[in-house]
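Protein chains in written order, with this note's numbering: chain X, 1342 to 1942; chain C, 1342 to 1942.
Just so you know, these hints were derived from the structure itself, not from any lab. Bear in mind that the values here come from a model prediction, so they are computed numbers and not experimental data. Glycine included, C-beta positions come from ideal geometry on N, C-alpha and C. Hints may contain errors.
[Claimed, not checked] Simulated coverage check for chain C against chain X, where a stretch passes if three residues somewhere in it have a Cβ under 8 Å from a Cβ of chain X:
{"no.": "1", "region": "1614-1624"}
{"no.": "2", "region": "1696-1702"}
{"no.": "3", "region": "1913-1923"}
[Claimed, not checked] When the alpha-carbon atoms are kept at most 27 Å apart in a straight line, the in silico DSSO-like pairs for lysine-lysine are as follows:
{"no.": "4", "chain 1": "C", "residue 1": "Lys1787", "chain 2": "C", "residue 2": "Lys1823"}
{"no.": "5", "chain 1": "C", "residue 1": "Lys1844", "chain 2": "X", "residue 2": "Lys1879"}
{"no.": "6", "chain 1": "X", "residue 1": "Lys1637", "chain 2": "C", "residue 2": "Lys1844"}
{"no.": "7", "chain 1": "X", "residue 1": "Lys1814", "chain 2": "X", "residue 2": "Lys1568"}
{"no.": "8", "chain 1": "X", "residue 1": "Lys1844", "chain 2": "C", "residue 2": "Lys1919"}
Number of protein chains: 2
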Amino acid sequence: MQYIKTKHVDITDGFWRKRQKINKEVTVKAVQDRFLETGRFDAFDFTIDKIPHIFYDSDVAKWIEGICYILYKERNPQLEAFIDHIIDLIEKNRSEDGYYNSHFLRKPDERWKHRSDHELYCAGHLIEAAVEYYKVTGKNKFLRLMEDYADYIYRIFVVEESAAFKTPGHEEIELALVKLYDITKEEKYLKLSKHFIDKRGVEDEPWITSNYNKYNTQDFLPVREQKTAEGHSVRACYLYSGMADIARKYNDKQLTDACKAIFSNIVNKRMYITGGIGSSHLGEAFTLDYDLPNTKGYSETCAAIALAFFSQRMFLLEKNSVYADTVERVMYNGMLSGVSLDGKAFFYENPLELQPVLNNRNVSTVLTERNPITQRKEVFSCSCCPPNVIRFIGALNEYIYSYEQDILFINQYISSTTEYEGIKAEMRTDFPDSGLVDIKISGAGKIAVRKPYWSTDLKIILNDEEYEYSLEKGYVYINLKKGENNLKIDMSMPVLLVKSNPKILDNSHKSAVIRGPLVYCAEGIDNDFSLNSILFNKDLHYHLVKSDKLDANMLEIDVDIPISMNELYSFNAYKYEKKKLRMIPYYCFANRGETEMRVWL
Amino acid sequence: MQYIKTKHVDITDGFWRKRQKINKEVTVKAVQDRFLETGRFDAFDFTIDKIPHIFYDSDVAKWIEGICYILYKERNPQLEAFIDHIIDLIEKNRSEDGYYNSHFLRKPDERWKHRSDHELYCAGHLIEAAVEYYKVTGKNKFLRLMEDYADYIYRIFVVEESAAFKTPGHEEIELALVKLYDITKEEKYLKLSKHFIDKRGVEDEPWITSNYNKYNTQDFLPVREQKTAEGHSVRACYLYSGMADIARKYNDKQLTDACKAIFSNIVNKRMYITGGIGSSHLGEAFTLDYDLPNTKGYSETCAAIALAFFSQRMFLLEKNSVYADTVERVMYNGMLSGVSLDGKAFFYENPLELQPVLNNRNVSTVLTERNPITQRKEVFSCSCCPPNVIRFIGALNEYIYSYEQDILFINQYISSTTEYEGIKAEMRTDFPDSGLVDIKISGAGKIAVRKPYWSTDLKIILNDEEYEYSLEKGYVYINLKKGENNLKIDMSMPVLLVKSNPKILDNSHKSAVIRGPLVYCAEGIDNDFSLNSILFNKDLHYHLVKSDKLDANMLEIDVDIPISMNELYSFNAYKYEKKKLRMIPYYCFANRGETEMRVWL
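Whenever a hint applies, use it, and build me the whole structure from the sequences.
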């Protein structure tokens, strides 16, 4: 199985076309401006003597990588010149042995001494950026520099074993090295990736800092024995992505099984309905099965993206719709909520409930309880998420189609065209506004279409005839005739109430509302009543209302709300009054000022 | 209106008789042993050179005061000798001007410099202990020492104004000085109390520590302008108690109105169903209206007790059953939960929900989130609550009866006798097991009996005839004949479901269960199913089961529990199965090891 890459897929219209336009025209520039202001680009200029943050290199690398996906569709000489200058600075300032790190080159005695200090993580992101930059521009300088760097890392960690630690404190380089191998075919890089994976939890590493233990860095067991998702959720899912890559490259059954167990643990026990992961801000970490608090939920944007990376790779190991379902959950909810509608402001954390009033709870003390921020910000000191959003939205094209032998898989429903290895497909849809999809396809023997997890009813018309189907692990496999085939997919898309597993404490007696892939939320700004203790009717009465401001469908749902009472406690059942509850897609939240927000009602 | 004091009231039988026995025979000794171990008594011995904690004096003083109430019923030469020795040490070690403080006498240059350091608070508790010790034993040395001390405080704070602050950082002395006035009739002490009350929020005080602001110490406004309960909840209710005392002594309408507004704010917006107050461990403070989180709730035992003090005094200003209702709520729930059934172990905080599993949430990091402790402890470093429990249970007698002109008020239903100023009453009841109460009374023109807030149906038989009544602010006023009258009160006591105000976020769609004054809770140890998302039937089916181990009535209630599902999220409504939910009185929780506990279900 292979994905059809961004280069060969055009997103032509609709929801994601708009987001890619904002990504390209606004977000790239907004992040560049913030990075200029905060000295992230200055880090590469060694005439400036300030010691940069330990992960500035990775922020810039992700920003470059994001731009690469955009360049596939339209080259941009000005941005390329800007990037080429950074590459020249890397070439000029790297050390003779190939090492490059803006922070540690300024502290030469500290190289490879601090497992917590993101050295290999930064290297990984630089490698990813170099690979994409070469692929899209054909310019090979950056790639060459990173090959030298990877060769040097191989020497330090495999040949000489001379670093003070054996594996990265923050994983990422594992998956980057697989990309480097794919483009260079140099076995050494694959071996180095496998080396880092094999050694994790085996070698006795120094704890990365006093703030973390071996769970946080996934060091608690050899990775093949791990069955649960533990620790820092971004680190974890980057590692699992690398594990899935290596499992596939080496056809490693044990590693595949570990990946499957961990994936199952995440989606069945440790994932928010938005695709967010990492329940606690402490260690930005996974915590316990079913521990998914709403107001305190952390759900870093990067973690949702990392889960999509992991899901995307798992599908290559097993044809099962749960993987593209999970990508879809992340794309439309927990990832997209991380960036404002105008593309300029960001959330690092994406809780499922905001109660701005709780920020006033600390009136009696100057000590404060930690609550999530309630409004998006343009600048973060820790700014890993904004460039991650750029590269994820930039590369969305490659989540749509994959193929194996003569079967074209439709993983995501996005208006797009592709032409690759004799297969030609054109998909038209206004998804997620509706569930109607038209596909024209030729050059493939079969097409496999995903029935999404939320789809209660899916009809297929093949060449004007209704197609009877059975599902195989969530996909409908359809034999095609020679020449052009017309496929119509009709997924009914009612508003549905979702119950969570009763083990999730915070969702006791509550429901969430979804329509298609979109999780909805209620904001205080749209509702002139308290959002607590609302009752949905058994038969949901609702209608969709187009919001021009949000460019999205709002929902108006008939609900009963409890009439406020004077006393704190009462022996009488609530009296209710009928109201219309307005809800908006979760990804739209916090775009209209500070206000209460809830997913679970 | 006056209460009939402990001296004149005997608790003869039943629920509180048992608790007073444990209090006297176990708790007094357990706390004494812990205080010996931790050097609290050593603090008074100046041949020992260790600097004691700033509030050790108050811990010992409260322990002595608690013993005094017990001595009314049976003198104890051994304990009195122990106390006399402490008094001798105070006499020996106090400074010439009358000052006594175990901590600051060892740091003489620091006297009256640190508003945060509980100097006046310790003085207040010593004064309260001295008053009670004199009243019960007739020995006047302790009282004389404390008069000297109070005279000296008057000089420093009123005459010379030479301290670095104007009012106590931790209130308490205000109400103590009123007690000192009541026994000595020395106006100066009443004036000093009023002085501290009048100056609060008026003078520009140094903030007591960097951890607190002016809300925490009730300094945010002059007290007569305060309308909400703010800040450290123990300090607050000690202050409000003093305010109520001074309002009464000076017939101060403005102060009375402030007390009423604050009391109403507490019971209508800021009090747990258990009578617990102080929603946040940060500053141990009141937070916002309707902010009453269950697992994070703080509800310090001392704060519940302080609320009872405040309520008790408010009744002297206004004949309204809400005050004795609130005392009752505290006595049977938020105070009594602070001590174990065996009388040896204590809770400082009394949350409404314990999820021991959350203490494992921090697996990924050595940083930990703050959760309440889940088992009672025998020793606290901050041990204000255990001796406060001793003195509260010891003095319960005085919460039962009060009188005004020729009316005897029955405020609490406790088997007891009293004989005072020609009034003779005997009450027999197995309350709170049942709501049947027999009272024999003579010597009063009227009796006023409280109809509790939970009582749906109350019948009165006076001298064998059913008595038709109307309520006046929660009391039934009954004319009595000369000679002995027989009164039977029959309060039906069904199990009731309680809904909270829908504005309380944590109780969304949940109910609590009460029977009479007892709030019930469910513990994991009694139920072999998850306590989340339980449904009560519309018509509650239940029966009482006597638990010998807990010496209390357990409840068995028919409920529907959701059948566990494999997936995290589902579009299907829960399927339920029928179960019997076992519940125990809240005050019994955490007496059988670490287990889940919930009030709101």
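Hint-by-hint comparison with the structure:
1. 1614-1624: Holds: 5 residues of the region 1614-1624 of chain C have a Cβ under 8 Å from chain X.
2. 1696-1702: The restraint on the region 1696-1702 of chain C holds, since 5 of its residues have a Cβ under 8 Å from chain X and three suffice.
3. 1913-1923: Since three or more residues must qualify, the claim that chain X covers the region 1913-1923 of chain C holds, with 3 doing so at under 8 Å.
4. C:Lys1787 - C:Lys1823: Since the Cα atoms of C:Lys1787 and C:Lys1823 sit roughly 10 Å apart, the hinted pair holds (cutoff 27 Å).
5. C:Lys1844 - X:Lys1879: holds (23 Å)
6. X:Lys1637 - C:Lys1844: Distance of about 19 Å is within 27 Å: holds.
7. X:Lys1814 - X:Lys1568: holds (22 Å)
8. X:Lys1844 - C:Lys1919: holds (17 Å)
Checked against the numbered hints above, the structure breaks none of them.
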